[in-house]
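Line by line, the protein sequences are chains R and D. Here the first sequence stands for residues 22 to 277, numbered as in the numbering used here. Here the second sequence stands for residues 597 to 926, numbered as in the numbering used here.
If you're looking for bench data, these hints aren't it; they were derived computationally from the structure. Treat the hints with caution; some may be incorrect.
To be verified - Here are the simulated DSBU-like cross-link-like pairs (lysine-lysine), alpha carbons at most 35 Å apart as the crow flies:
#, chain 1, residue 1, chain 2, residue 2
1, R, Lys90, D, Lys792
2, R, Lys157, D, Lys792
3, R, Lys157, D, Lys839
4, R, Lys222, D, Lys917
5, D, Lys922, R, Lys229
6, D, Lys891, D, Lys839
7, D, Lys922, R, Lys222
8, D, Lys917, R, Lys229
9, D, Lys839, D, Lys861
What the hints assert, rightly or not - Label pairs and their computed distance ranges (CB to CB):
#, chain 1, residue 1, chain 2, residue 2, range
10, R, Pro115, D, Asp800, 32 to 42 Å
11, D, Asp870, R, Arg160, 54 to 64 Å
12, D, Ala714, R, Ala149, 51 to 61 Å
13, D, Arg921, R, Arg160, 26 to 36 Å
14, D, Lys867, R, Gly153, 30 to 40 Å
15, D, Pro609, R, Arg270, 51 to 61 Å
16, R, His257, D, Lys899, 47 to 57 Å
17, D, Glu633, R, Asp102, 54 to 64 Å
As the list claims (entries may be wrong) - One side only, chain R facing chain D, incomplete, derived with CB under 8 Å:
#, residue
18, Phe33
19, Gly51
20, Ala57
21, Leu60
22, Asp63
23, Ile74
24, Gly89
25, Gly91
26, Ala94
27, Asp95
28, Pro115
29, Asp118
30, Arg172
31, Asp175
32, Ser180
33, Met265
All residues carry an ideal CB built from backbone N, CA and C; glycine is no exception.
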Amino acid sequence: MTTAIKTDTALFDLALRMGDNALILAQRVGAWCGHAPALEEDIALANVALDLIGQAKMWLSLAGEIEGKGRSADDLAFLRDARQYRNALLVEQPNGDFAHTLMRQFLFDAWHHPMLVALKSSADKRVADIAGKAEKEARYHLERSEDLIIRLGDGTEESRQRMQTALGALYPFAGELSAADAVDADLAARKIAPDLGDIGKGCAAYLKGVFADATLNAPESAAVRKGGKQGLHSEHLGYILADMQFLQRAYPGATW
Amino acid sequence: MYAQMVKSTGERPKTLDEMAPDERAFQMRVDADIKIEPKEWMPEGYRKTLIRQISQHAHSEIVGQLPEGNWITRAPTLDRKAILIAKVQDEAGHGLYLYCAAETLGVSRDEMTEQLLAGKAKYSSIFNYPTLTWADIGAIGWLVDGAAIMNQVQLQKCSYGPYSRAMVRICKEESFHQRQGYDIMMKLCAGTAEQKAMAQDALDRWWHPSLMMFGPPDGDSVHSAQSMAWKIKPMSNDELRQKFVDQTVPQADYLGLKVPDPELKWNEARKGYDFGAIDWNEFHEVLKGNGPCNKERLEARQKAWDDGQWFRDGLMAHARKKNARKMAAE
Ligand SMILES: [Fe+2]
Ligand SMILES: [Fe+2]
Ligand SMILES: [Fe+2]
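Please work from the sequences and hints to get the whole structure.
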């Protein structure tokens, strides 16, 4: 990563993908504040959202630095349109009932944590530093998610049913996180990011074990839903951005 | 304030001579500023009044998440979003400590929640007003948390140990909230003309509701004397309101905003501000359920409770299964 005067677009994409995943998921999770099923959940979800916003800020700041056009993390968060967003489709899926929210979080955490562990040894020191900070938070998120998935899967008949429905709906979106494209292959070749196939394999084995404990069944042959990483999103993202970017769009150039 | 209309026994406080020995011993401890702890004997009226007061306070923290939570997805920068989430999270935490403090008096969190949802328990009138613009988030932090601090600082001296200790913890966080709210207002007032107008409009709408947070004028409050004798309400509504006005008007001046009260005037003799009459009709209407957002606030809490039933049941069922498996293995 030395004298490149041209933007390292693959690295820029990596920072956007990591940052946008964190930001869009935080946006979804943050909407629960005051509406969760128990006070303890209001507090726990706020913690997760706060961690993710902190991570989004680090990744998007790095993206701005790599791009070299003077865009700040806020510029990237609040002034890009949907086609420039690089998050996976999973994180933009609606909150649904609480089971959907928990399952979306679990599927994300199950990939996010090993991904961050691997990024700690990135050849790019800036990436490794951010991953080092984020990894501890992601491990805590994963522990919490796993615990809830097992308890609610193996809870009442209704809680099992709801978790199973959520799993059926969301599982098809999980594969995108580990599906490598040319950008990922380039980053892996340069040892900036891990081989996503390896992350995916580990992740799949881990999920299998947890779902067994939770008495849940992942769909056997679900077609992977993807496109977000390349900027081809579901219809949900436009509304998320309309909400999130409202003030920056309505009062251009104002500081807050 | 957060507990604006706490019914006490409705009777005038007894003199020491009129009291039975237990009660006299209790009152003497209170008079000597010795904290009352959960296991000690206490008059039934003291216990009941405290339950009402603490649970109203707790419900206010919980319902108070809603107007501000309304702007979490729309906060204008990443930092503002994080600060707002952290604030709303603190309020949930305050609710939690307060429910715990009330539980020491022999009432459960579930019972208190049911009373709130049934409309039997009150929460502060202030949370029945809508947050229409981003400036409302600034105004709430500045004014509403400011008024909350005014009330809670004196409650640190409350005679009931668990409540007093909860207040010490909570006050530290509330003062952060107030500074953060004021910081939003400063940014807006130093910003564009539109931003400054947004700030003024928020002050115009939140000023009087904030003054109402301290509850009705002292003359109208039949329940204060007993609460003051028990030291669960160290200062009167009017005293607190005056303190709040005196503290807040210079802060509005510093922002270059105008307090929406044509009768507001410095009184050199009293060293305090005189201010215009408050529309107590509006206050009573809001308490009765006729405020702009009463219905939405309670519906939101009811929905969270109803939609969360399966979740709470699921966790309980799992705990029972796990226990049964453990027993079987032993
Ligand atoms: Fe609070
Ligand atoms: Fe409070
Ligand atoms: Fe507060």
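Where does the structure disagree with the numbered hints, that is, which hint numbers, in rising order?
2, 3, 14, 16, 18, 24, 25, 28
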